[in-house]
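Read top to bottom, the protein sequences are chains A and B.
For the first sequence, the residue numbers in full-length UniProt numbering are 1 to 303.
For the second sequence, the residue numbers in full-length UniProt numbering are 1 to 315.
Hint data in this document are derived by calculation from the structure and do not stem from the laboratory.
Among the hints, a few may not be true.
Among chain B residues calculated to face chain A with C-beta under 7 Å, some are [stated by the list, open to error]:
hint	residue
1	45
2	126
3	150
4	163
5	294
6	296
Okay, the calculated bits of chain B under chain A, using three or more residues with CB under 8 Å as the criterion [claimed, not checked]:
hint	region
7	138 to 146
8	223 to 237
Computed far set for chain B versus chain A, every beta-carbon distance over 10 Å [what the hints assert, rightly or not]:
hint	residue
9	80
10	87
11	175
12	176
13	201
14	256
The structure presented is a predicted model; accordingly, all values stated were derived computationally and were not measured.
Glycine is no exception: its CB is placed at the ideal position from the N, C-alpha and C atoms.
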Amino acid sequence: MSERWQRVRHHPGAVAALFLLPAGFGFVVFYLWPALRALWMSFTDYNVLRGSGDWVGLQNYQDLAADPLFWHSMRVTALYVVLNIGVQTALALAMAVMMDRLTRSAVVRGVLVLPWLIPQVVVGLLWLWMLDPRLGVVNHALDWVGIGGQDFFGSPAQVIPTLAGVNTWRFVGYTALLIFAGLQMIPRHLYEAAALDGAGEWRTFWRVTLPLLRPVLALVLVLSVVGSFQVFDLVQVATGGIGGQPGGPANSSLVIYVYIFRHAFNFNNAGYAAAMSAVLAVLLAAVTFFIMRALRGSRSDLA
Amino acid sequence: MTSTTASTDRQAVPRRPARKPRRPLRFRLSRIAAWAVLVLLMAGTLLPFYWILRTAFSTNSALFTGDQSVLPPEPTWINFQRVLGLASPEEVRAAGGSGAELQFWLYLRNSVVFATLVTVGQVVCCAMAAYAFARLHWRGRDAVFYLFLSTLMVPPIFVLIPNFVLLSEVGLLDTFAGLVAPYFFMTPFMVFFLRQFFLGMSSELEDAARMDGAGHPRIFLRICVPVMAAPLTTAAILAYVMAWNEFMWPLVAGSDPSVRVLTVGLSAFRSGQPQAAPDWTGLMAATVLGALPVILLFLAMGRRIVDSIRFTGLK
């Protein structure tokens with residue numbers, strides 16, 4: 001082996017480059033380059049079938065600002081996110097605190113996290129059947145208690161709350177486990193001190209648990225808000241009726257991902273779809289920044 | 001068992017010296033109430049799974065009678081046989097199946113190929129990257145790491161369209177190579193996840209190996225990989241489950257039946273039956289089979305998955 005090769009072999013930069021070669025290739029080809037290309041596409045009338053596009057400047061962004069369906073889909077998505085996050089976070093927090101007080105059992109945690117591991121497509125099909133207006137078991141149960149059957153996925157007013165409910169069912173255990181992990185980091189002696197001072201469970205929760213959980217909650221909120229903004233599989237599978245167009249009935253569940261997807265692959269408007277994705281990316285970055293800032297998520301009171 | 005309730009501690013084991021002071025009644029009641037809620041939540045999680053099993057073992061005609069008994073009214077294997085292609089065409093029609101059947105075995109094979117390739121590639125490539133980010137010292141290391149990490153903030157659909165175009169340009173649409181490529185080399189999550197573990201590794205063994213003149217490839221293979229066996233296994237399980245559940249990318253890049261994965265196949269199975277009464281029992285049997293590999297993996301390795309969750313979000 002030549003001396004020069006020996007030098008290269010032990011140079012830290014060269015070694016690092018060697019180890020980063022495969023991942024770096026994937027990063028450049030499938031993340032960095034496509035991101036730049038998508039940005040360029042958003043200024044063109046790119047068509048996937050034609051495989052090319054011409055520069056149109058800000059046209060896509062102007063169209064988007066004037067597109068009522070885009071704003072509609074943003075509103076639908078926002079409603080979904082708010083319903084989803086509100087219920088999911090509160091429920092997960094309650095579950096995590098209960099687990100923290102009652103049990104370390106891996107079986108309990110395993111059961112609660114199971115739906116998170118199942119493909120979203122399977123979850124969608126499962127609930128499509130459970131919530132079938134005529135044959136589903138949920139409506140039979142509602143009939144039995146005297147409430148009467150609901151349309152769920154078939155009703156413009158109920159479809160978004162239903163989707164949010166199904167998604168909560170899938171993710172609440174996972175979220176609870178994230179919060180549970182955070183609870184484990186709170187030193188026990190703080191609870192004992194609170195108990196000695198005569199604070200009840202309720203007071204301890206608000207004065208000790210919640211403030212110390214803040215960085216974890218910020219992270220959980222970021223993960224779940226950003227994730228639920230991007231809901232796609234569930235809507236694609238569970239809405240629009242059998243054989244219908246996803247996003248239905250009458251576009252009432254047209255979340256932003258479904259709308260972008262439709263433009264890119266059904267209407268061959270990749271340029272327009274790219275512009276919408278770019279707006280979404282900026283929006284999500286802003287939401288993340290806002291949550292971290294509002295909850296001072298990167299600083300812990302424990303330190 | 002000992003941790004269930006304070007009251008059983010006291011009554012069921014009277015001989016044990018009462019070391020703990022007796023809890024007030026209100027405390028015990030709230031504990032029992034909390035357990036009741038937790039059990040209820042677990043039941044709410046599991047019951048839907050039971051109900052798809054029950055449906056999968058029912059006949060389509062039984063569903064229309066509105067019978068909601070706990071056990072299927074006329075238990076049958078026919079739906080599983082139909083999905084697996086083991087039933088004759090007459091039996092299929094009699095059971096209410098449609099002409100368009102799910103090519104279950106093919107899609108299952110495709111899902112296995114896709115998830116396996118993604119898992120192997122991702123874990124190997126990301127472990128190497130994690131080693132470079134955690135155990136090597138070089139200029140610009142943290143800047144490059146944060147550049148990698150920043151892609152976590154890019155919505156997948158933003159890069160999905162250009163990636164689709166890229167594959168069609170190089171003629172890799174509807175091939176396994178193309179389907180696997182965007183996940184094979186790295187995902188930002190996996191690099192981040194493994195880096196956390198590599199950072200926590202003690203450097204004693206590493207130093208000793210270096211004293212003996214081992215180069216970095218040897219240290220990585222002979223020291224890090226064995227020491228990191230547990231986290232690497234966890235990473236592989238997570239990668240496998242995520243690949244198995246993937247839907248949007250295979251939907252656009254692998255729509256051809258020869259590479260179509262199970263999630264895409266299941267969604268097509270549903271939309272392939274316009275207006276006709278859906279074949280619920282067949283669909284639920286297919287759904288059970290589609291979720292089965294993940295559930296089996298979970299039964300075998302559940303504890304590892306559950307324990308890994310604290311690392312997915314937190315430092």
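Legend entry - Evaluation of the interface hint that places residue 294(B) against chain A, nearest CB under 7 Å: 5 Å, holds
Inset, instruction - Mind verifying the non-interface call on residue 176(B)? Its CB should be farther than 10 Å from each CB in chain A. - result: Given that every Cβ of chain A is farther than 10 Å from that of residue 176(B), nearest at about 16 Å, it holds.
Legend entry - Given as non-interface: residue 201(B), partner chain A, CB spacing beyond 10 Å: 15 Å, holds
Legend entry - chain A over the region 223 to 237 of chain B, status - at least 3 residues with CB closer than 8 Å: violated (count 0)
Inset, instruction - Report holds or violated for the interface hint on residue 296(B), using the least CB-CB distance to chain A and a cut-off of 7 Å. - result: Violated. Min distance 11 Å.
Legend entry - Interface hint for residue 126(B), Cβ within 7 Å of any Cβ on chain A: 6 Å, holds
Inset, instruction - May I ask you to test the interface hint for residue 45(B) with respect to chain A, counting a Cβ-Cβ separation under 7 Å as satisfied? - result: 6 Å, holds
Inset, instruction - Classify the hint on residue 150(B) as holds or violated, based on whether any CB of chain A lies nearer than 7 Å to its CB. - result: It is violated, given that the least Cβ distance between residue 150(B) and chain A is near 9 Å, above 7 Å.
Inset, instruction - Verify that the Cβ of residue 87(B) lies farther than 10 Å from every Cβ atom of chain A, and report whether the claim holds or is violated. - result: Consistent with the label, residue 87(B) stays out of reach of chain A, its closest Cβ about 21 Å off (over 10 Å).
Legend entry - Hint check, residue 163(B) versus chain A [nearest Cβ-Cβ separation less than 7 Å]: 5 Å, holds
Inset, instruction - Check the non-interface label on residue 80(B): least C-beta distance to chain A beyond 10 Å or not. - result: 16 Å, holds
Legend entry - Distal placement of residue 175(B) relative to chain A, Cβ over 10 Å: Label holds. Min Cβ-Cβ 15 Å, cutoff 10 Å.
Figure legend: structure checked against the earlier numbered hints; hints not met, in rising order: 3, 6 and 8.
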